[in-house]
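K.L.:
Protein chains in written order, with the numbering used here: chain A, 48 to 743; chain B, 48 to 743.
Hint data in this document are derived by calculation from the structure and do not stem from the laboratory.
Mixed in with the good hints there might be a few duds.
A pair holds if it fits inside one copy or across any two, identical chains being indistinguishable in the list.
Stated by the list, open to error - Using 16 Å as the maximum straight-line C-alpha spacing, the simulated EDC-like pairs for lysine to aspartate or glutamate come out as follows:
#1 Lys498 - Glu382
#2 Lys460 - Glu382
#3 Lys484 - Asp456
#4 Lys484 - Glu589
#5 Lys308 - Asp609
#6 Lys185 - Glu422
#7 Lys426 - Asp96
There are 2 protein chains.
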Amino acid sequence: MRSVTRIGSAESAPSVTTPIADAPKPPLSTPPQEPMGRIPVQDVRPLVDQGRRPAKSVVGETFQVSATVFREGHDAVNATVVLTAPDGAEHRIPMECINPGLNHWVAEVTAHTTGQWTYRVEGWSDPYGTWVHDASIKVAAGVDVELMLTEGSLLLERAADHPRRSSDGRLLLDEAAGAMADRSRPDQVRLQEGLSRAVQDEMAARPLREMVSPTPDYPLLVERERALYGAWYEIFPRSEGCYYDQTTQQWMSGTFETAAKRLPAIAAMGFDVVYLTPIHPIGRAARKGPNNTLTAGPHDPGSPYAIGSPDGGHDAIHPDLGTFDDFDAFVAEAERHGLEVAMDIALQASPDHPWVQTHPEFFTTRADGTIAYAENPPKKYQDIYPLNFDNAPAQAYAEVRRVIQVWIDHGVKIFRVDNPHTKPVEFWQWLIQDVAKDHPDVIWLAEAFTKPAMMHTLGKVGFQQSYTYYTWRNARWELEEYCTELAGAAAAYMRPSFWPTTHDILTPYMQFGGLAAWKVRAALAATLVPTYGIYAGYELMEHVARPGAEEQIDNEKYQFKDRRWADYEHGGPREGQSLAGYLTRLNQIRSAHPALRWLRNLRFHSVDDDNIICFSKARRLPDGGEDIVIVVANLDPHSTRASMVRLNMPLLGLDWGDSFIAHDEITGAEWTWWEHNYVRLGPDGEPVHVIAVRKH
Amino acid sequence: MRSVTRIGSAESAPSVTTPIADAPKPPLSTPPQEPMGRIPVQDVRPLVDQGRRPAKSVVGETFQVSATVFREGHDAVNATVVLTAPDGAEHRIPMECINPGLNHWVAEVTAHTTGQWTYRVEGWSDPYGTWVHDASIKVAAGVDVELMLTEGSLLLERAADHPRRSSDGRLLLDEAAGAMADRSRPDQVRLQEGLSRAVQDEMAARPLREMVSPTPDYPLLVERERALYGAWYEIFPRSEGCYYDQTTQQWMSGTFETAAKRLPAIAAMGFDVVYLTPIHPIGRAARKGPNNTLTAGPHDPGSPYAIGSPDGGHDAIHPDLGTFDDFDAFVAEAERHGLEVAMDIALQASPDHPWVQTHPEFFTTRADGTIAYAENPPKKYQDIYPLNFDNAPAQAYAEVRRVIQVWIDHGVKIFRVDNPHTKPVEFWQWLIQDVAKDHPDVIWLAEAFTKPAMMHTLGKVGFQQSYTYYTWRNARWELEEYCTELAGAAAAYMRPSFWPTTHDILTPYMQFGGLAAWKVRAALAATLVPTYGIYAGYELMEHVARPGAEEQIDNEKYQFKDRRWADYEHGGPREGQSLAGYLTRLNQIRSAHPALRWLRNLRFHSVDDDNIICFSKARRLPDGGEDIVIVVANLDPHSTRASMVRLNMPLLGLDWGDSFIAHDEITGAEWTWWEHNYVRLGPDGEPVHVIAVRKH
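Extracted from the complex, chain A is given alone in its bound form:
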């Protein structure tokens, strides 16, 4: 029954002073309770759903593992994190006790390959640590001097035999052991032989570990970096290249071929992912007209979210956009520009969807024999039939899986899922895991604008990324509270994607905030979290809402939208009236600063003015250097504000009295900064500093 106490026989042998617990204990019978282990290890974090679901990380991302580790009495205890790679190789990371009163131990760990890792914490008895503590005090006090030196000598002799010890290390410890045993030397000199920096370093690197008490191995899913980091750009492909034909008095749809012409500009702005709203055939039945009206004209294109027509369903392409060959060419062109294509998955059907005929069991049939529309009683959405996954789950799951494979086979590795919170959570769990079997690099983004429980749980069951409440968090306290949650405990299973606007959401802040608002919200999204996205037209600050709604007037969902990009380019009539340059600079800053690729390194600082927010991110680099970025933003888009910023200097790797060169990556300005700094930000200049810290 003592199975959780693994004795590290290869590493430790019985100690003279504290023999290890290798003898069997009488067996426990009833009542059954999991044995605690010789050295208790409690409250391991991160732990997702009690360790029943994996904690998440991406390749190269550093995160903290913490635990409460303690023991009886006064002897020294120590702890190690063991990361086990998918190939079974174990990596040991020493833990450090950062709060002795609470027995709180931490380690920063990093996994360097994708796959199914595990982690555990091992608590262990540290006989050398015990000896260092006791001998230092007792020899100084003249108590048990000879005995302490003898025990130290025996301990180092024993440690010299460690199987991973180098011959140099063995020599070092053997010599120290001999010197400690040499009664011809002064006591303090003998003691120092056992306490030398060289001996302590060798003992830290290859410690004598006794009573090794491991927790269970908890799952850790390590995914590719794009699961955490990326800049997204959303387009309606039919709008890119659409035009109004004066001859026919009709709109002509953009195609994959014309949309591909927009890719170089998106790539030039520095985006990593181009996200396409649904590209499937659109139903005619109950088609919506402009501005969500119930009666579409004969030439209104309809919402791409009303999926399915006689031309096909989720596995088909809208004929206006082109063919699968055209799609393949679009994906290839995107790839040529360093862009990944993200596809929208909206699992719902227009009444014209082929499934209505071929798979009526995928829908809910009412008592009167009709198929149930989407409803929010008493409202009905008659252009949409929701899918029912409970009537025939095996068939429905398999059909969706088949559809997903169609797009994977055409090069799609990122899926943005529309309204996942209206389908069973266990369905997503199944689907994402089933896809991951063969395609572990596929990434799913959950568009669940709903209650926290659902959003968190979708992350836990597999979604790599989640839309968030960012769009509605404008005040400093809101942003600090929410981002602290996201970058804290939630970061183990939910990765945020920040969007200042979407094609469905245009908040009053964006409607009325002017240029400063559009800059601030993009800059915050791009720097608070590693993944952010914008919806096409953000560059143009399209801020006019449909009256009474918090979405754009003439919503692109229901009509074509020709943005006349050329007008904003060099020589065009609207040259300079675009945020493209600002967005490009933000993405350049993101690329230049590895610290901005991480989430869990977000830390907030104090500012006197409640309208100004300040945060930093720091990241240790492989070359030993450190990348540190400080962002200061005035959240009030209507007023320029001046205030003092107080930096928590140790969070920047600095002492309280240090100064550094603050280089504003937006403007190129440079100042000397200290703990307390004056800032002046707002609409009459730049509303945001993004500061690179350059230490003297």
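Using the hints provided, position chain B relative to the given structure of chain A.
P.N.:
Relative to the frame of chain A, chain B by itself:
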């Protein structure tokens, strides 16, 4: 792989509107992750060490089980707690959603027998709830009226077939179903048939449950009430009846026979447990003299914590105290007075302990061949050898187990463990569970005045009760913060015992606070938590400390103490100079108020003056009534203070505008109280109100 979704086939059949998920899903292969279940249930509380160790309760104690339960889309979700008794009988307790935004569900549950219970939460789809919501809105709006009434009728028909439905219930639902289908009636009348109070009650009592999704069964250990509730009185048995013999100029020890004469007085004060410091033979080697001096005189009795002499060890009785027969008689006499005997277990040895000869492997041998003394470097405690449980754990465990059985066989069912935090946690886990196999009514109290991690973990591995930091928590904010922790999450595994003083601890508050301090600290201990204890002499306010120490001068650990109890009785020279009457009243109040027998019902109220604390406890009684107690105490022992108390009326089961009769159980005074009340408390009168709430 969908094993966690249990389909309640006996209770539910496929619904017309939302068929249940009874068809198999395609199997999941890698990566392995525990299926979420059709209705996600997250964050179940209480959960001790991820459910790996039992949550705790006592017979008849009500506690809250909570969970986050939600589902996709808009259909109604519901939840149930299932308590499974040791005999396998299942008890279902409906949960209530008290925070829809956070999907937070709670239920108050109670187990009525001791033993190994389990609990789980079942989330489920509630088709009747869905229908009530949708039909109410849609029929009122004139949308789908006939369809909604038809579906309601079909639903109730199906519900009528519930296997646990009574014939009356079946008739009720069948009639309602028929009436709803009757097109000759007005729509609103038909709708009301499906929404009537009778139908809703019947459906709540025996609901249609679909997609039933249970969590694992988590362990729940239900123990006897004394594990949670009791008033303890500590004595050194040798002091009770000791006397200084003027003839021999020596102290004569009290005996079990003389100590038994003190039992009626202890019982008369209303205590439940008499706790004896160790009763074993005391070593001579390095025996401590009065006031912890290193040199004992020939007649100094020594510390009873230096256990073991040629007269025997932990399984023996000090010859001065008597024989096993005398001990048995003492236990019997205690029982006759309604007192349980708690015995001190101090697992350490004097150098004279028989184990030193018979079981040298129970101790640590140093490199020089000597046995290790207790140490806190550079200090040594040469009268004590600590036990080493790692050299020969099987033998050491078995020997301690044998010793415990000796005392169980002599009627002891409560053990107060001295310094458990100096022995391996896994040893206690083994010992407590091994004893519980045959003696589940044995109670262990941990005297671990140490860091929080160890204290909490000792509770988790089996200790029924724990000494706490109460002794050092005097300010209101300290008491509120600490008691909120103890009565909150920690209450699932750690039960506090509050002691204003012990034979080792006399804080400055008690040294210098005078009568008010001794009243306040006893009253708070007796009412904040269900178990409290005092050390003999508390009645006499023995407040003089050894200079430079926070313990009593002339500590009873090292010498005899004749308290001359008779002096304080009627006609004695010190009549009235005792707190015995006050303590008696406190224990009477505890007996009269079942609310004070619980821990988790503690709630704090607001008081303007930071020196005054106010809290309440409420408990629903089996007869349907409610017992409510409010305590208001002035924590400043030096000043009488007046202040306004603001009661959180709903916590008392009252509306904000209500008044009630406040009966002070200490003085018998009565007032009419409301939300805001004036109090005046302190050393010039009574420092504490203990108020019984009598509703109009």
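K.L.:
Compare the structure with each hint and give your call.
P.N.:
For each hint, the structure was consulted:
1. Lys498 - Glu382: neither (36 Å within a copy, 57 Å between copies)
2. Lys460 - Glu382: This pair counts as within: shortest intra-copy Cα distance 12 Å, inter-copy 75 Å.
3. Lys484 - Asp456: Within. Shortest intra-copy distance 15 Å satisfies the 16 Å Cα cut-off; inter-copy 61 Å does not.
4. Lys484 - Glu589: neither (42 Å within a copy, 73 Å between copies)
5. Lys308 - Asp609: Within one copy only: 14 Å inside a chain, 100 Å across chains, cut-off 16 Å.
6. Lys185 - Glu422: between (78 Å within a copy, 11 Å between copies)
7. Lys426 - Asp96: neither (37 Å within a copy, 46 Å between copies)
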